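Start from the sequences and build out the full structure, keeping to the hints where you can.
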Amino acid sequence: MATKQRSGLARAWLALLSLAASSVLSAAAFGGEPQESKPAPASGATQQRLPVTTTSAAAARYFENGMAQYEMHRWNFALNDWREAVKLDPHFALAHVWISMTTVDPAEEASHREQAKASAGSASRGEQLVIAWVSGIHENRYVDGITAMNDALSMYPHDKRLNFLFGYWLYKQDQYDFAEKLTQRALGEDPNYATAYNQMGYLYSRRGDYAKALEATGKYVQLLPNEPNPHDSYGEMLRLSGRFEEALEQYRMALKIDPTFYISQKELGETYAIMGDGERARQEYAKAVHEAPSDGLKAEYLQKSAMTYVRARQYAQADHAFLDAAAKARAMQQWVWEARAYRIMAMYATDPATAAKDLEKAETLLAARKGTVAQSDLDEEQARIWRVRAERALSASNLAAARKAVNNLQQMAKSGGSTSIERTYQAAEGTLLASERKYAAAVPHLEEDFTNPISMKVLVMAYEKSKARSQARALQKRLEDWKIPSIEEALVVPQRQPHSGAVAAKKMTAK
Amino acid sequence: MRRFALYCISMMLLAPSLCSARDVAVITDKTNPLSSVSNKDLVKLLRTDTAKWSDGRKVIVFLSDPYSADGKLLLEKTYGMKPAALKTFADGQKGGIVILSSDEEVVKAVAGQPGAIGVVNVYSINSAVKVMKVDGKLPLEPGYLLHGN
Chain C
432 MATKQRSGLA
442 RAWLALLSLA
452 ASSVLSAAAF
462 GGEPQESKPA
472 PASGATQQRL
482 PVTTTSAAAA
492 RYFENGMAQY
502 EMHRWNFALN
512 DWREAVKLDP
522 HFALAHVWIS
532 MTTVDPAEEA
542 SHREQAKASA
552 GSASRGEQLV
562 IAWVSGIHEN
572 RYVDGITAMN
582 DALSMYPHDK
592 RLNFLFGYWL
602 YKQDQYDFAE
612 KLTQRALGED
622 PNYATAYNQM
632 GYLYSRRGDY
642 AKALEATGKY
652 VQLLPNEPNP
662 HDSYGEMLRL
672 SGRFEEALEQ
682 YRMALKIDPT
692 FYISQKELGE
702 TYAIMGDGER
712 ARQEYAKAVH
722 EAPSDGLKAE
732 YLQKSAMTYV
742 RARQYAQADH
752 AFLDAAAKAR
762 AMQQWVWEAR
772 AYRIMAMYAT
782 DPATAAKDLE
792 KAETLLAARK
802 GTVAQSDLDE
812 EQARIWRVRA
822 ERALSASNLA
832 AARKAVNNLQ
842 QMAKSGGSTS
852 IERTYQAAEG
862 TLLASERKYA
872 AAVPHLEEDF
882 TNPISMKVLV
892 MAYEKSKARS
902 QARALQKRLE
912 DWKIPSIEEA
922 LVVPQRQPHS
932 GAVAAKKMTA
942 K
Chain L
-17 MRRFALYCIS
-7 MMLLAPSLCS
3 ARDVAVITDK
13 TNPLSSVSNK
23 DLVKLLRTDT
33 AKWSDGRKVI
43 VFLSDPYSAD
53 GKLLLEKTYG
63 MKPAALKTFA
73 DGQKGGIVIL
83 SSDEEVVKAV
93 AGQPGAIGVV
103 NVYSINSAVK
113 VMKVDGKLPL
123 EPGYLLHGN
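Each protein sequence line maps, in turn, to chains C and L. Just so you know, we're using our numbering here: the first sequence kicks off at 432 and counts up by one. Just so you know, we're using our numbering here: the second sequence kicks off at -17 and counts up by one.
Counterexamples of contact, computed for chain C against chain L with all Cβ distances above 10 Å:
(1) Asp536
(2) Glu570
(3) Pro622
(4) Pro656
(5) Gly707
(6) Thr785
(7) Ser826
(8) Asn838
(9) Lys896
(10) Ser897
Once the Cα atoms are required to be at most 27 Å apart in a straight line, the calculated DSS-like pairs of lysine-lysine come out as:
(11) L:Lys64 - C:Lys869
(12) C:Lys845 - L:Lys22
(13) L:Lys64 - C:Lys898
(14) L:Lys119 - C:Lys603
(15) L:Lys90 - C:Lys612
(16) C:Lys603 - L:Lys54
(17) L:Lys12 - L:Lys90
(18) L:Lys40 - L:Lys59
(19) L:Lys59 - C:Lys869
(20) L:Lys59 - C:Lys845
(21) C:Lys898 - L:Lys54
(22) L:Lys64 - C:Lys896
(23) L:Lys54 - L:Lys76
(24) C:Lys835 - L:Lys119
(25) C:Lys908 - L:Lys54
(26) L:Lys54 - C:Lys896
(27) L:Lys22 - L:Lys12
(28) L:Lys90 - L:Lys34
(29) L:Lys34 - L:Lys59
(30) C:Lys548 - L:Lys119
(31) C:Lys908 - C:Lys896
(32) L:Lys119 - C:Lys845
(33) L:Lys34 - L:Lys115
Derived CB-CB ranges, DEER-like:
(34) L:Gly38 - C:Asn838: 41 to 51 Å
(35) C:Pro537 - L:Lys76: 47 to 57 Å
(36) L:Glu58 - C:Ser725: 38 to 48 Å
No lab work stands behind these hints, which were simulated from the structure alone. These figures come from a predicted structure and were not determined experimentally. Ideal Cβ placement from N, Cα and C applies to all residues, glycine included.
So, in structure tokens, the structure goes:
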């Protein structure tokens, strides 16, 4: 990308001349020092990199620093830099875009997306396309968003950063082939573009090719040996490959380089959790809670710690830890996390009456926060509660109650819910169909929720019953090898839990 | 030993990899006044049972590799035939159905050919073409017909 600035003097001049295009006075190479004054190009067609339009040289520097931090996966530092950039230039469209794309605060996301749109008029055509992409994908106008993304890529096919960033978004959409194409294109432009190797590593790992994932992240470490994130990524690939001790070593190395790199601290907890060492995992999670830069992350890590008891089937201790996590979430005003603690308790509860009470509590907590928490966050958690309601109802052979919960989910998904809500609905529908022994019909629904171990477990059974045996074997193996900690993993991954806690899955397997 | 090697190979072939959701988009040239089509009419267009648009222009269908995951999804949802059968079927349409080697080629061909209709992965679209609604829905909207895994 290239940075194009307008000086303060130029801005006054611009106002006088009604923002005439010829008045853009200075430019700076993206990542370099401000350069001699140059006229703005008539269009971006001949440029190699996406222009970055701002009225402030200092804002441009903050923006670039933020992008460099983003590429190092230091998202909190990136956000701080971009927030400084928009303080200096409130109409800095691209800085607003990347705050919007990176923040985990829904209110901040929406606010900066709106400011990016409001500032689009003074940005270049390429930047306008990036704004259209962000708007489209956040406003459920995916066709518009994807169109804008590909138009921007057509204008700047050689912009390595643009290829990497769009590739990252595609990776997060589980579009691995498209993500790989763009990431490889970025590497074609710069074979030493370290962050692109990281992305390739994660892409390979999603395909189960851990040898290549280790090779790519190994190259990432080689290029940036004194940065924490390469060691963190390499450690993750080692963990996914089952090489736990080596993974721990890499996380410790990342923390030695940067003791505040809280992600690696959390990963130490995750690795011990997967290894089955709950006590050590809790010690590491406790340090991660301390280091976490936001209350949302603290609330999340507290619940990860509580999950270690679920994995060990120590449900009384799990209850105690989740109640403590809920109280702390409440104290930190992390309302959705507070409700989530009760929903999770309902997932593993052995007593149906207790589970029903926990689900009621979770729903009541969510309902009380209507208007104070982003509706999309409330909806996603409500959807998960309905899914648990459906599963619990099926385990009690109450088809009518299960159907009611699934219908609620369907309505929410139909009314423009997020991808997460759509997947939650599809999984619940598939589970219901499987419980009715409509296995072939269940399969496409369950396949939609392909990274959720509970759905995977029901899908294995649906494959088996519908004679898709090779798919069943492959998925069963994937499930047994699953090394990504979550409540769903804690409940169903077979090798580590002798007694499955996935109520619906267990019930149906027994049929 | 040989049996063990065969076992290893078969396990490698079964090596788990994540499937992912996919939506294929129905695209037309931008001069086409239609923005929406019913599933029933779409099948007629893709099979060239409908040979002309309402304004009299000839319908030409551009498709990508029928053996790809996207191609198989399209065949399953509309043509109801296997990839090899589609190739034979397309050969019999005398230029009415053209099979190209990539989505990029399909997008270019549709953009430059008035009366064209094509099918590509939704992540391949750009502003050179118009994406049509199918039964009132665009790709990636809940309930979209041409969606699969």
